[in-house]
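Residue numbers (our numbering), protein chains in the order written: chain A, 1 to 303; chain B, 1001 to 1303; chain C, 2001 to 2303.
Calculated directly from the structure, the hints in this document are not laboratory data.
Certain hints may be false.
[Claimed, not checked] Below are the BS3-like pairs computed for lysine-lysine, each with C-alpha atoms no more than 25 angstroms apart in a straight line:
#, chain 1, residue 1, chain 2, residue 2
1, A, 146, B, 1255
2, A, 129, B, 1255
3, C, 2183, B, 1072
4, C, 2146, B, 1129
5, B, 1052, B, 1013
6, A, 183, C, 2299
These numbers were taken from a predicted model, which means no experiment stands behind them.
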Amino acid sequence: DKEAAVEVFAPHKGLNQKPTPIKIDRISEHEVNIEITAQITDIEINKGEMYKAWTFNGEAPGPVVVVNQGDKINFTLKNMDPSIPHSMDMHAVHAAPSTDFANVMPDHTGTFSYPADNPGVFMYHCGTKPVLAHIANGMHGMIIVKPKDGYPTDSQVTREYALVQNEWYKYNNLEDFTNGVPKYVVFSAKALKNGDPNTNGAVGSLVDKPLLAKVGDRVRLYVDNVGPNEVSSFHVVGTVFDDVYIDGNPFNHMKGIQTLLLPASGGAVVEFTVTKEGSYPIVTHQFNHATKGAVAVLKVTKD
Amino acid sequence: DKEAAVEVFAPHKGLNQKPTPIKIDRISEHEVNIEITAQITDIEINKGEMYKAWTFNGEAPGPVVVVNQGDKINFTLKNMDPSIPHSMDMHAVHAAPSTDFANVMPDHTGTFSYPADNPGVFMYHCGTKPVLAHIANGMHGMIIVKPKDGYPTDSQVTREYALVQNEWYKYNNLEDFTNGVPKYVVFSAKALKNGDPNTNGAVGSLVDKPLLAKVGDRVRLYVDNVGPNEVSSFHVVGTVFDDVYIDGNPFNHMKGIQTLLLPASGGAVVEFTVTKEGSYPIVTHQFNHATKGAVAVLKVTKD
Amino acid sequence: DKEAAVEVFAPHKGLNQKPTPIKIDRISEHEVNIEITAQITDIEINKGEMYKAWTFNGEAPGPVVVVNQGDKINFTLKNMDPSIPHSMDMHAVHAAPSTDFANVMPDHTGTFSYPADNPGVFMYHCGTKPVLAHIANGMHGMIIVKPKDGYPTDSQVTREYALVQNEWYKYNNLEDFTNGVPKYVVFSAKALKNGDPNTNGAVGSLVDKPLLAKVGDRVRLYVDNVGPNEVSSFHVVGTVFDDVYIDGNPFNHMKGIQTLLLPASGGAVVEFTVTKEGSYPIVTHQFNHATKGAVAVLKVTKD
Ligand SMILES: [Cu+2]
Ligand SMILES: [Cu+2]
Ligand SMILES: [Cu+2]
Ligand SMILES: [Cu+2]
Ligand SMILES: [Cu+2]
Ligand SMILES: [Cu+2]
Ligand code: NA
Ligand code: NA
Ligand code: NA
Ligand code: NA
Ligand code: NA
Ligand code: NA
Ligand SMILES: [Zn+2]
Ligand SMILES: [Zn+2]
Ligand SMILES: [Zn+2]
Ligand SMILES: [Zn+2]
Ligand SMILES: [Zn+2]
Ligand SMILES: [Zn+2]
Ligand SMILES: [Zn+2]
Ligand SMILES: [Zn+2]
Ligand SMILES: [Zn+2]
Chain A
1 DKEAAVEVFA PHKGLNQKPT PIKIDRISEH EVNIEITAQI TDIEINKGEM
51 YKAWTFNGEA PGPVVVVNQG DKINFTLKNM DPSIPHSMDM HAVHAAPSTD
101 FANVMPDHTG TFSYPADNPG VFMYHCGTKP VLAHIANGMH GMIIVKPKDG
151 YPTDSQVTRE YALVQNEWYK YNNLEDFTNG VPKYVVFSAK ALKNGDPNTN
201 GAVGSLVDKP LLAKVGDRVR LYVDNVGPNE VSSFHVVGTV FDDVYIDGNP
251 FNHMKGIQTL LLPASGGAVV EFTVTKEGSY PIVTHQFNHA TKGAVAVLKV
301 TKD
Chain B
1001 DKEAAVEVFA PHKGLNQKPT PIKIDRISEH EVNIEITAQI TDIEINKGEM
1051 YKAWTFNGEA PGPVVVVNQG DKINFTLKNM DPSIPHSMDM HAVHAAPSTD
1101 FANVMPDHTG TFSYPADNPG VFMYHCGTKP VLAHIANGMH GMIIVKPKDG
1151 YPTDSQVTRE YALVQNEWYK YNNLEDFTNG VPKYVVFSAK ALKNGDPNTN
1201 GAVGSLVDKP LLAKVGDRVR LYVDNVGPNE VSSFHVVGTV FDDVYIDGNP
1251 FNHMKGIQTL LLPASGGAVV EFTVTKEGSY PIVTHQFNHA TKGAVAVLKV
1301 TKD
Chain C
2001 DKEAAVEVFA PHKGLNQKPT PIKIDRISEH EVNIEITAQI TDIEINKGEM
2051 YKAWTFNGEA PGPVVVVNQG DKINFTLKNM DPSIPHSMDM HAVHAAPSTD
2101 FANVMPDHTG TFSYPADNPG VFMYHCGTKP VLAHIANGMH GMIIVKPKDG
2151 YPTDSQVTRE YALVQNEWYK YNNLEDFTNG VPKYVVFSAK ALKNGDPNTN
2201 GAVGSLVDKP LLAKVGDRVR LYVDNVGPNE VSSFHVVGTV FDDVYIDGNP
2251 FNHMKGIQTL LLPASGGAVV EFTVTKEGSY PIVTHQFNHA TKGAVAVLKV
2301 TKD
């Protein structure tokens, strides 16, 4: 078994595939083509510490995908990994997993089609066995399905970011993935539009280069905790979430939340106002995890 | 202490009591007699691996109990365990724990009476000290209290199952129960009616023999995470929960949920539609736990 | 580094500062002065086992703070700790953390001012780095912001308590705080008014001296799980929560809840009725944690 593992992953040794851009093309009012690439790419997960991640598009988490409720998604997965199959499981859609989330072999391309009929903030991830290894090695991300009728608070929002929480463990160590505790727990910002911050899940990256806001902003965060193993107690220091939509569905509305519990793979839209200049840490309030890196900063300036 | 434990549990050695059927008799419109037996029975928890479980009725989890909101429950506990007391704590009822959930001595029978006035999906379990040992050794199950006015989505549901998540640890090892990580995390299906699948909490049992549905079904799952220690991030691959009722109470209505966080002992009604033929894995998305066995399959066929 | 730690904490050796009372003075209809003292005080966390806690006012958790929605809080932190800075992060308020939750140096006093505009049950804690150490060593508590328009169930409540869940680890051991499992998980009752029970977070303290109620009481608990690391599956044996307000906000209303999942730092108002004489255990249903001390008792008498 150990030998087999060595054999399978030997082709990854020294491999560092250059990030391939995601392709998202709207081909009609309710239909969108998405192409994502599975590839092996070195990711900095802490200062000076690289992880030869299994990725979507050379990022971990992968790029954020934004579609509209009611869209048909025509999805293409290109697998550039020379040695093992990968696949795509999108939590946003109705699909038959055994065929629509099927494996794509090394150096092959698979195409799939399914409807995104539920609004919200969802996890996507590789669903190839052992799933835990594919997620823990970096094959996860967020897909946002914009609700047909929007959120009741849309008009108040003045700034928005997409934020993902994930864990890192010992390198490609299924035993540690299964029975260990996380080495790092981290946040990443994923660009909603050109020019937005776009980072990998790395200790300190959003402390050194904070997210930005202005005094008086109502900030919306699209958040998802992709795990693979831990829940998140998502909290922004110095404010209270005015409005929360669980899994990003407008129906699941809460108000005045200090800390939002996200299941493994769970998402949300959270909105809050920042009333003064300063630095607002974003954490999971499971402080062992914050200590392991799950701290981002929102820097609020006057103008 | 160790010696005492040896003495107390010596009578369990080699004991394997044949499952006793649960008795549920409705004696009037709003009153039901329930008889459950505490007994020591060998349970297969993984292929070829037996666990001399402390059980209700020779199953672990025990048989599902279904009553109506407003019922008076006359409850009888027969304790066939030759060496230690057991008891019954039903989360569904209003009761004085110190008397209504009292210990029943070995080879004795206790009778209790209490109202089931809250609709929902609840845990039941042995409440004898150390409670952690009695739950972890297998004394847990689900009681459904059907809401007086039903669920708003009752008429749409075409298929339903009862599903329980539980953990297994090192055999009867209180130190491992308290400080260890689960050896297995598993699902079981508990029969709602004659002919339904009815399994113990065992790795792979609901993969080898999947739950069944047809294309177009709206499936309702009654779910409960009986622990004893872990929370569950309950998810069905390939679909989204159209409607969720937290703890099975129609008031606690959510929509469009990808993954439902269940506290230790928490329950829910979740409903979803399956739109295509194929195999839909059911997991806790805490993937270390899925890796340890928490995977069931719903097989969807055309006709 | 180890040497530095020894140096910094040497002044704590043998130190046991007498609890200083909290000061809460309403100075106008919508403005309140609060003075809290950071100090080093020995706390009994299990029978005969003392912990030289970092505390607010010589208690761990600190005293409960109750204000009204819309209040301006003028906050004073006196730091009596001779060796390290402390600070105050209140989840209830809008504030710029970098200035309003700033460090107060040893033997210094800091004053801050912010609005408590969100109703609910919130955590407060020291936010000085490493935050995990300051929380795990005892610097946490609960602040209740009473909603302007009350709760819809106010008129039915006949008894109320404030209850906090926290964990204890190896003494001042950041490695154990970060990667260990809790040594103890405990509840404490914090006095809402003179004469109320007021305890530290200690194994068994609320079992030996239970909370009290009468048959027929509708009991309200203000609860908060201050962590630092674990979530709580909050449950009262023998009853069901009739009404729950997540984070204590009247908008976040649930009914018929058996067990409430609290994130690390999350709070709630839960209400239930006790219909019979007897002892009702209060637990986290993560039973490894209940086994480590997270059990309180509500004793219900006839008159
Ligand atoms: Cu993969
Ligand atoms: Cu998934
Ligand atoms: Cu028992
Ligand atoms: Cu229980
Ligand atoms: Cu401090
Ligand atoms: Cu905090
Ligand atoms: Na899904
Ligand atoms: Na944890
Ligand atoms: Na876990
Ligand atoms: Na109960
Ligand atoms: Na735990
Ligand atoms: Na806050
Ligand atoms: Zn759909
Ligand atoms: Zn905070
Ligand atoms: Zn709303
Ligand atoms: Zn009742
Ligand atoms: Zn999935
Ligand atoms: Zn509804
Ligand atoms: Zn505010
Ligand atoms: Zn119970
Ligand atoms: Zn309400």
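Comparing the hints with the structure gives:
1. A:146 with B:1255: 15 angstroms, holds
2. A:129 with B:1255: 30 angstroms, violated
3. C:2183 with B:1072: 41 angstroms, violated
4. C:2146 with B:1129: Violated: residue 2146 of chain C and residue 1129 of chain B sit about 39 angstroms apart, past 25 angstroms.
5. B:1052 with B:1013: 9 angstroms, holds
6. A:183 with C:2299: Violated, at about 44 angstroms.
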